[in-house]
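With chain A fixed as given, assemble chain B onto it according to the hints.
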Amino acid sequence: MAPDMSWTEPLPRALHPMAWWLWALGLATAASRTTNPLLIAVLVAVVGYVVVCRRGDAPWARAFSAYLILGLLVIALRVVFNALIGASDDGHQLFALPSVALPGWAKGIDLGGAVTAEQVLAAVYEGLRLAALICCVGAANALANPKRALRSLPPALYEIGSAVVVALTLAPQLVESVLRVRRARRLRAAPGKGLRNLRAIAMPVLEDALSRSLQLAAAMDSRGYGRSNGAPQGLRRTTSAFVLTGLLALCLGLYGLLDGTAPPLVGLPALTAGLVLSGAGLAIGGRRVRRSTYRPDPWRRAEWAVGGCGVVCAGVMLVAGSYDPLLLHPSLYPLVWPDLPLLPLMAILVGVLPAWLAPRPVRAAARRAPQLQAAAA
Amino acid sequence: MMLRAAVVTALAGAALAVPAAPATAAACSQDSGVTVIVDFASLGGGQPTRCAPGDPSNGIAALRGAGFTPTRAAQEPGYFVCRINGKPANDPCQRTSPADAYWSYWHARPGGSWTYGNIGGSDYDPAPGTVDGWAFGAGKPPSTPPPRASTPSAGRSPSTVGPAASPSPTRKVPTVAGTGQATARTSAAPAPSPTAAAASPDSTAAAATARPAATAAPPRSDIVTRSKPLRPNGIPLGAIAAVVLVLLLVSAAVAQVARRRREDGT
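Here the protein sequences line up with chains A and B, keeping their order.
Numbers 1 to 377, taken from our numbering, label the letters of the first sequence in order.
Numbers 1 to 266, taken from our numbering, label the letters of the second sequence in order.
Excised from the complex, chain B in its bound form:
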């Protein structure tokens, strides 16, 4: 149920990312955006390099803007990225991932070297023209060096970008793969619950509002104040049962205390 909700949200995010982000499948030209590299190498994938156009407000927005779909850990108040494009699927995505298998976040100047991000993706504001890298593993930098900026004329042709980065985006298009995977999984789950369905437009709205705001670059534009009230997912039968059970036990305890008082009294 919970898992399904997460998957549906991820699907909605992916579906949104495709039309809303004109992400170019290569490094950005000059200062036109933030280049994002996601290193799937240790998960048996490639290292797609894409461009998040404009000035994304933070690292997560840049990741989304480049057409990737991050998933957050379900119980962490900070935005902890536990999966990108649904990988790795074996991470439970509840709390932070273990220290030897997590998505580490890296920054670089174009053509420079990787430096470890000391600040989480939701707090760091990458400047246009820089390179963001995400690598899965025990905190090792992405296996490809940060690409040099592509010249404006050659921006659309990946062959001239960088020697190391150019083959991977053409060979592997993770958005399509990710979307296909998510669709397959959703269709396996027959009836997404009303919350899951209702939650996904929320996240799409959130992403959509976050992106135009990004150009104005307010520091904390990610805080989404939803006007909707907190709404349960159906009837919370479990919670009702638990409350009844606790009330039963507490009243039995109170009765027991009263009996003891009577025995002790006088």
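So here's chain A without its partners, still in its complex pose:
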């Protein structure tokens, strides 16, 4: 029999978590390079669509809406503070707040006064960018399994890795706890909304999240995470010194690369030094840690494709930004409609491809449904 050459949809499986993180960080890099509200709106819609298409049943998969709300909150806060203490010299006045006269030494700050359209828009543009970054991280949290992400860390990083995972899962854990507590209260016919019920919900939620974090820590400890494995103390100290300095240099280098105004020494040299140092630390530390992996996450074509989408998006945006920065930053003085530049738009639209390139997630409900139908028949 000749093999069937027609395209068949791959079997549902969970994508490698690092592929989702690569995709999300690529889109976040793209978002950080622009203040064009049209581009950012498209980017957030793209991220949301991919999340809706490819999230699983896991509790953390529902966290995305919480990140969206957080993003809206960021924009609102920015606008309010900008209206209160921002400088507004000229422009189209929307309304005027009562203005407070400050003494001479604080004259650079304007409390209240006229609020102009330009000023509000500047706050919205900046807030939108930050909200887009939050959405990208939220998407990665919703799509990637944080507990499996830990396995793909190099062995020498296990000691920090558990801290990283606890930190990364805290927000999804909290959202999950809120959902559980609210569901429990609904089942008991308790009113679920209103400020007065906040106390009734907050305590169980905090308690729940804390006890689950402790559970996770205990489970990781029993599996050998964060154990020194009887290595000599000198070696352990050298390893952690290497890794910590390396990671610090990496952070500095990345900051220098992303921030155009940083001194040149902070950029590439610090990044290289960080890579070398942490690489040496990982090599030394990794020698003494031997762990086998049960059911390793494969890295197949779909992972390459999803990760590649993020890298292409970030790369094209960086190139477009260096080619013509004016397109990515619309003018407010004078106030004009922002353009929708074609090349960055295409780069962002590449980010939507994982909605089809990634395999369908494994879903308990979908698995159960055929059985139910069979049982009913």
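Everything labelled a hint here was simulated from the structure, so no lab data went into it.
Some chain A residues judged to face chain B by a derived CB distance under 7 Å, without partners named:
id	residue
1	Val52
2	Cys53
3	Gly86
4	Ala122
According to the in silico footprint, chain B covers these stretches of chain A (three or more CB under 8 Å from chain B):
id	region
5	37-44
6	329-335
Calculated from the model, a selection of chain A residues having no Cβ within reach of chain B, i.e. all distances over 12 Å:
id	residue
7	Ile134
8	Ala163
9	Ile201
Just so it is clear, CB atoms sit at the ideal spot from N, CA and C, and this is done for glycine as well.
Frame of chain A, contents of chain B only:
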């Protein structure tokens, strides 16, 4: 497009500044105005010294009153001066300039020494008889010391002003150079868009109203409430396309959620 609009506005400002400001090309005599020095030295120019007559309401108004043309950063709500007379042309003029290449703002008594301005040009109100300095670079003061006030009789002849300041204004007349440059660039751009054209009368009106008000010295006379409604620059095709795209994606997402609900339900 955006760049062109900025240039056209700058041109209008320069064109206005020439007839409207009887700026004398020297330091002010006594308290007749605010002396303004702009140090182009690090950009390969001179250090023109001029007088903004009367009592300008703030540092930007003084700069304009002395016949210079500041350009503001396009995305900064505060009036951040990123170029004066179109220099430096390599600054993108979007956000604040880098800390090692920006126009720093200085104050001085005539014949005194420079002090760094802690307040931006749009918030600081220079008193008549004082000297304002603008220097490009990493926050260094202007390379010439603040000139002494010229005596009223010698006000028009630059030779008696100050030893350091006198040659530069006669040698270099930046207004003319600036205007010429702007005209050349505008003529290179064939059709300025309606907004750019419409925006420039606005800014001229703004400058014109700001100057008479300056003598009355209300603290925030720079706020211009335009009676005109917010008006788009032509048809915002980009915005429409983006909205359509976002709506498409959102409706697809809603459909997907509904399908999932159906799958999960029952």
